[in-house]
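Asks: Chains A and B, in that order, give the protein sequences. Counting in this note's numbering, the first sequence runs from 1 upward without gaps. Counting in this note's numbering, the second sequence runs from 296 upward without gaps.
It is possible that some hints are incorrect.
Said to hold, decoys possible - On the chain B side, residues computed to face chain A include the following (Cβ under 10 Å):
1. V343
2. P346
3. G402
4. S403
5. G407
6. V414
7. A417
8. L418
9. Q423
10. E441
Please keep in mind that the hints were generated in silico from the structure rather than gathered at the bench. Just so you know, even glycine gets a beta-carbon here, dropped at the ideal spot from N, CA and C.
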Amino acid sequence: MTMRDRFVTSAGEVLADPRSVIVLADISADAFAPAAARHPDRVVNVGIREQLMIGVAGGLALTGQRPIVHSYAPFLVERAYEQIKLDLGHQGVGAVLVGIGASYDRASAGRTHLAPADVALLDTLDGWTVHVPGHPDEVRPLLRDVVCGTGSAYLRLSTRSNAEAYPEAGDLRVVRDAGPGAPLLVAVGPVLDAALAAVADRPVTVAFTHRPRPFDTAGLRALAGTEVILVEPYLAGTSTRVVAEALADRPHRLLALGVGRAELRRYGGPEDHDRWHGLDAAGLRRSVDAFLDPA
Amino acid sequence: MTTTTATELAALLDRVRAGRDFGANVYSTLDVLQVLYDRVLRVTPATVDDPDRDRFLLSKGHAVAGYYALLAARGFIPVDWLDDQGGPGSRLGDHPDRLLVPGVEIGSGSLGHGLGLGVGTALGLRAQGRADPRVYVLLGDAELDEGSNHEAIAYAGATGLGNLTAIVVDNGSATHGWPGGAASRFTVNGWTADTVDGRDHDALHTALTGHDHHRPHVVVAAVADGE
Chain A
1 MTMRDRFVTS AGEVLADPRS VIVLADISAD AFAPAAARHP DRVVNVGIRE
51 QLMIGVAGGL ALTGQRPIVH SYAPFLVERA YEQIKLDLGH QGVGAVLVGI
101 GASYDRASAG RTHLAPADVA LLDTLDGWTV HVPGHPDEVR PLLRDVVCGT
151 GSAYLRLSTR SNAEAYPEAG DLRVVRDAGP GAPLLVAVGP VLDAALAAVA
201 DRPVTVAFTH RPRPFDTAGL RALAGTEVIL VEPYLAGTST RVVAEALADR
251 PHRLLALGVG RAELRRYGGP EDHDRWHGLD AAGLRRSVDA FLDPA
Chain B
296 MTTTTATELA ALLDRVRAGR DFGANVYSTL DVLQVLYDRV LRVTPATVDD
346 PDRDRFLLSK GHAVAGYYAL LAARGFIPVD WLDDQGGPGS RLGDHPDRLL
396 VPGVEIGSGS LGHGLGLGVG TALGLRAQGR ADPRVYVLLG DAELDEGSNH
446 EAIAYAGATG LGNLTAIVVD NGSATHGWPG GAASRFTVNG WTADTVDGRD
496 HDALHTALTG HDHHRPHVVV AAVADGE
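Chain A extracted, bound-state conformation (with noise of 0.2 Å):
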């Protein structure tokens, strides 16, 4: 079952909730026509149109609702942008924004379809709640969570998994201990199990987290000797600030990998991707390597 499904699933499971509406923008339409069906005032499909798809959240918000908007990661973050910003933040409202296609989960489809920006987008605005989920089995007490609160979150769904779930992983979770002062990596949402293998003969210390925001400082502090890696699914350097501040009293070194900004006008498959980004075990290893092991 992938992310997706998981997410089809649990978002049916919260219509029982007569305040869950569930905005469409035609992507993944057929798979929400069963809970379309038992709830037609609750499940709104407004067609190819996602400057109104999150105008309707920013009003459903507005009379009391909670609304689910979901498509396909470039058309719900990039597209509508000003609306995000100005129908839900401006407004004083919430929403749960659902993307697929995270970073260049459909490689071939081609620039159009990847978007590996959205949660440097997203980190450009106030009070957003960032769930990078690392395996499928992570989506339903995530979406649940989310659902039940009241300001704005986004969950990013990737077709890239990691072998093993980690539910309750919002705050750093150490994966791997090499003891007080080894450096730290940081690994985010799907990337975490090349990072593992990157790292499997060195004492670094690994930990995972499934919610870059609000990102995890305390848990950060307590555990980051002098260097820290980060490892995130998408653009590269997306939380470096976060990190600058929360280490801002203490002398240390920071490396941020992630998704190139160069366009590579390349196709292929997500693993193609891995490694003409250096995410994959051997290109992670390596810039460990230069980042630890200076010359």
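Once you have looked at the hints, place chain B on chain A.
Replies: For chain B alone, coordinates are given in the frame of chain A:
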């Protein structure tokens, strides 16, 4: 029924104006605002949080001076707030902020946001089974240039969103115009429409109450070009 006289309103507007020059759009919107607040909207200062109130969403947020004057005239905000509009301690910006001004349903200013929010509000009321309250969204003809409006117009028409009324104050300010009239953009999508003299209060009242509860309704309030 409480009504606001033109003299009262002019005095309040003068307090907002504080010697500055207003654009023509301030005056072109005044009549429709007066008719809405005096004769149409079922909302009072006591019911601004009542889930069954009518909603008025000012989408063309720059038409704010008359809006503030009306809100003061009807007791939503203290009259003395008008004296320092836009000042560092003021709650009244050049565009309205719903978190700062009682009775203001949406913060607006960037064109093309009100109708989408209005569609969502209408859907929320419908999901809650509230058949009584109605959602009114005020736009300008130039604001219709924004494509987001056309997403909302098409969807609301296709789904028969019967608790929604759009009001377009048409002062001929759209750069490339609306050949065939602004209303035709709505009616082709299944809305009912009335185009009336935007200065004629009785005609406005008839148009603003002319919806059939099955389809969304648009009132085009025509005023002189550039007003």
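Asks: Confirm or reject each hint.
Replies: Evaluated hints:
no.: 1; hint: V343; verdict: violated, 13 Å
no.: 2; hint: P346; verdict: holds, 7 Å
no.: 3; hint: G402; verdict: holds, 5 Å
no.: 4; hint: S403; verdict: holds, 8 Å
no.: 5; hint: G407; verdict: holds, 8 Å
no.: 6; hint: V414; verdict: holds, 6 Å
no.: 7; hint: A417; verdict: holds, 7 Å
no.: 8; hint: L418; verdict: holds, 6 Å
no.: 9; hint: Q423; verdict: holds, 7 Å
no.: 10; hint: E441; verdict: holds, 9 Å
In summary, the one numbered hint that this structure violates is 1.
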